[in-house]
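Engineer: Listed below are the residues making up each chain.
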Amino acid sequence: DAGVIQSPRHEVTEMGQEVTLRCKPISGHDYLFWYRQTMMRGLELLIYFNNNVPIDDSGMPEDRFSAKMPNASFSTLKIQPSEPRDSAVYFCASSLGVLTREQFFGPGTRLTVL
Amino acid sequence: LAKTTQPISMDSYEGQEVNITCSHNNIATNDYITWYQQFPSQGPRFIIQGYKTKVTNEVASLFIPADRKSSTLSLPRVSLSDTAVYYCLVGGGNAGNMLTFGGGTRLMVKP
Chain A
1 DAGVIQSPRH EVTEMGQEVT LRCKPISGHD YLFWYRQTMM RGLELLIYFN NNVPIDDSGM
61 PEDRFSAKMP NASFSTLKIQ PSEPRDSAVY FCASSLGVLT REQFFGPGTR LTVL
Chain B
115 LAKTTQPISM DSYEGQEVNI TCSHNNIATN DYITWYQQFP SQGPRFIIQG YKTKVTNEVA
175 SLFIPADRKS STLSLPRVSL SDTAVYYCLV GGGNAGNMLT FGGGTRLMVK P
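Line by line, the protein sequences give chains A and B.
Going by the working numbering, the residue at position 94 of the first sequence is 94; the numbering climbs one at a time, nothing skipped.
With positions in the second sequence counted from 1, the corresponding number in the working numbering is that position plus 114.
In short, the hints are calculated from the structure, not lab data.
Possibly wrong hints are sitting among the right ones.
Some residues of chain A that are not near chain B, with every Cβ distance over 12 Å (derived) [said to hold, decoys possible]:
{"id": "1", "residue": "P8"}
{"id": "2", "residue": "G16"}
{"id": "3", "residue": "T20"}
{"id": "4", "residue": "N52"}
{"id": "5", "residue": "P61"}
{"id": "6", "residue": "R64"}
{"id": "7", "residue": "G106"}
{"id": "8", "residue": "G108"}
Computed spacing ranges between beta-carbons, pair by pair [to be verified]:
{"id": "9", "chain 1": "B", "residue 1": "T119", "chain 2": "A", "residue 2": "K78", "range": "31 to 37 Å"}
{"id": "10", "chain 1": "B", "residue 1": "T135", "chain 2": "A", "residue 2": "R41", "range": "19 to 25 Å"}
{"id": "11", "chain 1": "B", "residue 1": "N140", "chain 2": "A", "residue 2": "K78", "range": "41 to 47 Å"}
{"id": "12", "chain 1": "A", "residue 1": "G97", "chain 2": "B", "residue 2": "D125", "range": "33 to 39 Å"}
{"id": "13", "chain 1": "B", "residue 1": "F153", "chain 2": "A", "residue 2": "E83", "range": "41 to 47 Å"}
{"id": "14", "chain 1": "A", "residue 1": "G16", "chain 2": "B", "residue 2": "Q156", "range": "26 to 32 Å"}
{"id": "15", "chain 1": "A", "residue 1": "V12", "chain 2": "B", "residue 2": "R220", "range": "26 to 32 Å"}
{"id": "16", "chain 1": "B", "residue 1": "P225", "chain 2": "A", "residue 2": "G97", "range": "39 to 45 Å"}
{"id": "17", "chain 1": "A", "residue 1": "G97", "chain 2": "B", "residue 2": "R220", "range": "27 to 33 Å"}
One side only, chain B facing chain A, incomplete, derived with CB under 8 Å [unchecked claim]:
{"id": "18", "residue": "G157"}
{"id": "19", "residue": "Q163"}
{"id": "20", "residue": "T167"}
{"id": "21", "residue": "F177"}
{"id": "22", "residue": "M212"}
{"id": "23", "residue": "F215"}
{"id": "24", "residue": "G217"}
As the structure is a prediction and not an experimental result, all values here were calculated from the model.
Every residue, glycine too, gets a C-beta built ideally from N, C-alpha and C.
Turn these sequences into a full structure, and let the hints steer you where they fit.
Structural biologist: Below you can see the structure in the form of C-alpha cells.
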C-alpha cells in the first residue's frame with residue numbers, strides 16, 4: 001500500500017481564496033483524522049470520521065473550515081475564505097478498527113495564505 | 115479533556131538511554147497513551163502505545179504508573195538518527211474523549 005496520500009503537498013494562496021486539501025486513506029482503514037500543526041499551537045485534531053461519518057468536529061476552529069468524506073477512499077478539508085492565520089501544515093491520518101489504534105499519517109500539506 | 119505536558123527539549127549522546135516524560139493529569143478511565151516520532155517535513159510515526167504498567171517493543175519502552183497521570187517513553191541506546199520531535203497522545207478511550215497531543219519534545223542526540 002502507498003500509505004496515506006495527501007494533495008497538494010504545498011499550497012500558496014491569497015487571503016480570501018478557497019482552499020481544498022485532499023486525502024486518500026490507507027485502503028481498508030475506517031478511521032480518518034485531520035490535524036493542523038503550527039509552531040504556536042502544535043498538533044491539533046480538527047475532526048475525525050468513522051466509516052465516512054464525522055464523529056467529532058469540536059476541533060474545527062470556525063465555520064470557515066469544513067470537511068467531508070464522500071466515500072471510504074477520499075476526504076477533503078476546505079477553508080473558505082482563507083486567512084493568513086490558517087497558514088500551517090495540515091496532516092491527514094487513518095487507522096483501523098478502534099479510535100485508539102495506531103494512526104498512519106500522510107506527508108502533510110503545507111498551506112501558506114498571503 | 116486531557117491536557118498533556120512535555121518538556122520542550124532534551125539533549126543526549128549516542129549510546130545513552132533517554133527518558134521522556136509526559137504529564138496528563140486529567141486522563142480519562144478508558145484513554146490510551148500513545149507516542150509518536152516526527153522528523154522534519156514528515157508526518158508523525160507511531161512508536162508505542164499503552165494503557166497501564168509497562169509496554170516494550172523493538173524500539174522503545176513505555177512506563178505508566180498506577181495513577182496513569184504521567185507516562186515515560188524510554189529509548190535505549192539512542193543514535194544520531196533518533197534526533198526528532200517526540201509527541202505523546204492521550205485520549206480515544208471513548209468516542210467523546212478528544213485525542214490530545216502534547217507539545218512535543220525535541221530530542222537532540224549528539225555524537
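Engineer: Now, for every hint given, state plainly whether the structure supports it.
Structural biologist: Status of each hint after checking the structure:
Under the 12 Å C-beta cut-off, the non-interface status given to P8 (chain A) relative to chain B holds; the minimum distance is some 15 Å. Every C-beta of chain B lies more than 12 Å from that of G16 (chain A), the closest at about 28 Å, which supports listing it as non-interface. Separation of T20 (chain A) from chain B is adequate, the least Cβ-Cβ distance of about 19 Å exceeding the 12 Å criterion. With a closest Cβ-Cβ approach of about 15 Å to chain B, N52 (chain A) is found to remain outside the 12 Å limit, as its non-interface label requires.
At roughly 14 Å from the closest C-beta of chain B, the C-beta of P61 (chain A) stays outside 12 Å, upholding its exclusion from the interface. No Cβ of chain B approaches the Cβ of R64 (chain A) within 12 Å, the least distance being about 21 Å, so the stated non-interface status holds. The Cβ of G106 (chain A) does not lie farther than 12 Å from every Cβ of chain B; its closest approach is about 6 Å, which violates its non-interface assignment. Listed as outside the interface, G108 (chain A) is inconsistent with that label: its C-beta sits roughly 6 Å from the nearest C-beta of chain B, within the 12 Å cut-off.
Distance hint check: the CB atoms of T119 (chain B) and K78 (chain A) are about 33 Å apart, consistent with the given range 31 to 37 Å. Restraint check, T135 (chain B) to R41 (chain A): a C-beta distance of roughly 22 Å satisfies the suggested window 19 to 25 Å. Here the CB-CB span from N140 (chain B) to K78 (chain A) is close to 32 Å, at odds with the stated 41 to 47 Å. Roughly 38 Å separates the CB atoms of G97 (chain A) and D125 (chain B), a value that falls within the hinted 33 to 39 Å.
Between F153 (chain B) and E83 (chain A) the Cβ separation comes to about 29 Å, which falls outside the hinted range of 41 to 47 Å. A beta carbon spacing of about 31 Å between G16 (chain A) and Q156 (chain B) agrees with the range 26 to 32 Å that was offered as a hint. Evaluation of the 26 to 32 Å hint for V12 (chain A) and R220 (chain B) yields a pass: the beta carbon distance comes to about 27 Å. A hinted range of 39 to 45 Å holds for the C-beta pair P225 (chain B) and G97 (chain A), which are about 41 Å apart.
About 32 Å separates the C-beta atoms of G97 (chain A) and R220 (chain B), a value consistent with the hinted range of 27 to 33 Å. Among the interface hints, the one on G157 (chain B) holds; its C-beta lies about 3 Å from the nearest C-beta in chain A, closer than the 8 Å criterion. Given the 8 Å rule on beta carbons, the hint for Q163 (chain B) holds: about 7 Å separates it from the nearest Cβ of chain A. Among the interface hints, the one on T167 (chain B) is violated; its C-beta lies about 16 Å from the nearest C-beta in chain A, farther than the 8 Å criterion.
The restraint placing F177 (chain B) at the interface with chain A is violated, with a minimum CB-CB distance near 18 Å, outside the 8 Å limit. Hint status for M212 (chain B): holds, given a least beta-carbon distance of 7 Å to chain A, under 8 Å. Because the closest C-beta pair between F215 (chain B) and chain A is about 4 Å apart, less than 8 Å, the hint holds. Taking 8 Å as the C-beta cut-off, the interface hint given for G217 (chain B) holds, the closest approach to chain A being about 5 Å.
Hints 7, 8, 11, 13, 20 and 21 from the list above are not met by this structure, while the remaining hints are.
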